[in-house]
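Number of protein chains: 2
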Amino acid sequence: MKLDIKKPTLVLDKNRALRNIEKMALKARRSKVKLRPHFKTHQSARIGGWFRKYGVSSITVYSVDMAEYFAKDGWEDISIAFPVNLRQIKKINALAKNIILHLLAESKESVCFLADNLKYPVNIWLKIDTGYGRTGILWDEAPEAVELAREIEKADKLSFCGLLTHSGHSYHAKSKEQIKEIYFDTISKMNSIKKAINGAGFDDVQVSVGDTPTCSVVEDLSGVDEIRPGNFVFYDVQQMNLGSCVQEDIAVVAACPVVAKHKERNEIVIYGGADHLSKDSFVLKDGTDAYGYIALQQETGWGSALENSYVSSLSQAHGIVKVDKRYFDKIDIGGILMVLPAHSCLMVNLLKCFLTLDGEWLRP
Amino acid sequence: MKLDIKKPTLVLDKNRALRNIEKMALKARRSKVKLRPHFKTHQSARIGGWFRKYGVSSITVYSVDMAEYFAKDGWEDISIAFPVNLRQIKKINALAKNIILHLLAESKESVCFLADNLKYPVNIWLKIDTGYGRTGILWDEAPEAVELAREIEKADKLSFCGLLTHSGHSYHAKSKEQIKEIYFDTISKMNSIKKAINGAGFDDVQVSVGDTPTCSVVEDLSGVDEIRPGNFVFYDVQQMNLGSCVQEDIAVVAACPVVAKHKERNEIVIYGGADHLSKDSFVLKDGTDAYGYIALQQETGWGSALENSYVSSLSQAHGIVKVDKRYFDKIDIGGILMVLPAHSCLMVNLLKCFLTLDGEWLRP
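From first to last, the protein sequence lines are chains A and B.
Numbered continuously in this note's numbering, the first sequence closes out at residue 364.
Numbered continuously in this note's numbering, the second sequence closes out at residue 364.
Bound conformation, chain A alone:
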């Protein structure tokens, strides 16, 4: 039975999400690395629960509040993979009291503040920059990392746990080959700085890496201790264009009502704008920016993306869809278009409630 959609709605193909989770969990097991998935992508206790049956017991989040939300749901080993937000020290202490909490540091200021203010033990990872250039200690600045590791070990409540990186530059790769190169380059740089830290007398230094492109494309992920991909649970058009997944892996769409049609320019207007899809985009072959591909609703979900058709612009509530002539007359005002998202994490954060293909609502 077709879902009865009233307004922009996040539709989830649960089977695809489960398949994506299973595939990553099996790969991690084969590679003998811990899968510590990033839950920022779904931000849902219900969906988080699906990971448990694939042996996942440790998770990643980006904020103290997200850690609090999942801790309430029974997760007892949570890594906040974001430079620690000192202003939330009270909540951090409350979490550290109850769960195994991992925090990220990259500056002496943060480490000293934690040393002075933490009341319960936490694990500290040093954030390393292996080439993305967003944040972290540069991988070839080992003395800085060693100094910080020493500060951490001096502090009563802090345990130096290891080195963590996010190779987000994999999102700018031009081929699967390049994505693989970035992964092996990351591993090599992480092991280089690990060696220096070992040399300074630190044992048991763990290495944590993880981004969906490399974890999806590389077959053997061994050589690190844990991986932290997040987006893979749903994937999206950006990931498909990178080669991280195929279209049939994309597990979420925004179902959007059709409100107007303009035959003279093969454009369809949907109720679904930047407030629903986010303004993240991808680039078409001809250099045009697009905000999603579109598919028709089917009894069992949605069909393949319509060729030569895409969301071409967004205002706050309007989406403008360029539709290939072949499909134009198949789409009616009052009907539904399914938008395959440019970036699922941002769309999910906006729409929040999931409707599964069985008609079940998953609310935060």
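These are calculated hints, taken from the structure and not from any lab test.
These numbers were taken from a predicted model, which means no experiment stands behind them.
Wrong hints could be hidden among the right ones.
Which copy is meant is left open, because identical chains are indistinguishable; a pair holds if it fits in one copy or across any two.
With a cut-off of at most 16 Å between alpha-carbon atoms, the simulated EDC-like pairs for lysine to aspartate or glutamate come out as follows [said to hold, decoys possible]:
| # | residue 1 | residue 2 |
| --- | --- | --- |
| 1 | Lys90 | Asp4 |
| 2 | Lys6 | Glu68 |
| 3 | Lys91 | Asp4 |
| 4 | Lys330 | Glu109 |
| 5 | Lys263 | Asp129 |
| 6 | Lys6 | Asp65 |
| 7 | Lys23 | Asp220 |
| 8 | Lys176 | Glu219 |
With chain A's structure known, arrange chain B on it following the hints.
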């Protein structure tokens, strides 16, 4: 007293917002046009209430749900300025039963559906395209508009109310002069199609226009019946760059914790990414995209935007801020940066709860 910010927080300077409302309300009164402000920008019953003391009793929203929210708060004259979403006919009927509801139509399909399904009277506006090219009947296709007006008048529950347009192309103007030209061009096109409709036997055809750039820049707005700007309540950097406002009119910022610093590249990392600020942007003089300007927190709010400093990139939770060397050492890890938004409507939709400079929370 400085606000105690813990995480990305929407901070509102209430006095600025009130001044913005008052200015637009006075201009509308002087011009003898009705101000029907678009409430999509704040989506807040509390802030909506502030408009009442400036004589506002009619409002605009973009969705049936937003209309429902404000109707519950006592607004009795609401226009949903978005091509009518037929899939929400049940809620539309519930609204039409209780308030003066205005809907937008631009196709025979929508009008016929409403004629068949409406149980209570509504006012119908024809959406006209005066050059934006997003949606609506083209202003020079008067016969199409006349035909639709006749369909509307035939239907028992529908009253043909007038012609409505949104000159969103004002957002692409290069100067105030161009914005004014767009306004007068819009008025002239709207009056041209109005004349044709009058000629076909329709009296009392109202004209509704409105977008923040033209309504801010044009001094005398007479010549139409109502204006529907929305963004002006808060303004933002996009509007400032257009010349719709000056920096001191911007009434909302995102207060974001500083979590890391990179002196070698004059970059500061804030907790505040696409999940908080939205990925809407503006273009700097050198062609670079930016996602916000930054200012320092002050006892009474925030200071002027720091020269040569801006949010240069966003991931889901991280904001990267390029900071002029002069200011770098004044900003500490654990401190706060205030982000003047590229586009306030989208940022407000993400952050939802406002914190006023008096420390009061306004929740949806």
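Now for the hints, and whether the structure bears them out:
1. Lys90 <-> Asp4: For Lys90 and Asp4, the Cα distance is within 16 Å only across copies (13 Å; inside one copy 44 Å).
2. Lys6 <-> Glu68: between (32 Å within a copy, 14 Å between copies)
3. Lys91 <-> Asp4: Between copies only: 15 Å across chains, 41 Å inside a chain, cut-off 16 Å.
4. Lys330 <-> Glu109: between (60 Å within a copy, 14 Å between copies)
5. Lys263 <-> Asp129: between (50 Å within a copy, 15 Å between copies)
6. Lys6 <-> Asp65: Classified as between; 11 Å across copies, 31 Å inside a copy.
7. Lys23 <-> Asp220: within (13 Å within a copy, 64 Å between copies)
8. Lys176 <-> Glu219: So Lys176 and Glu219 pass the 16 Å test inside one copy only (12 Å; across, 57 Å).
Violated hints are absent here; each numbered hint is respected by the structure.
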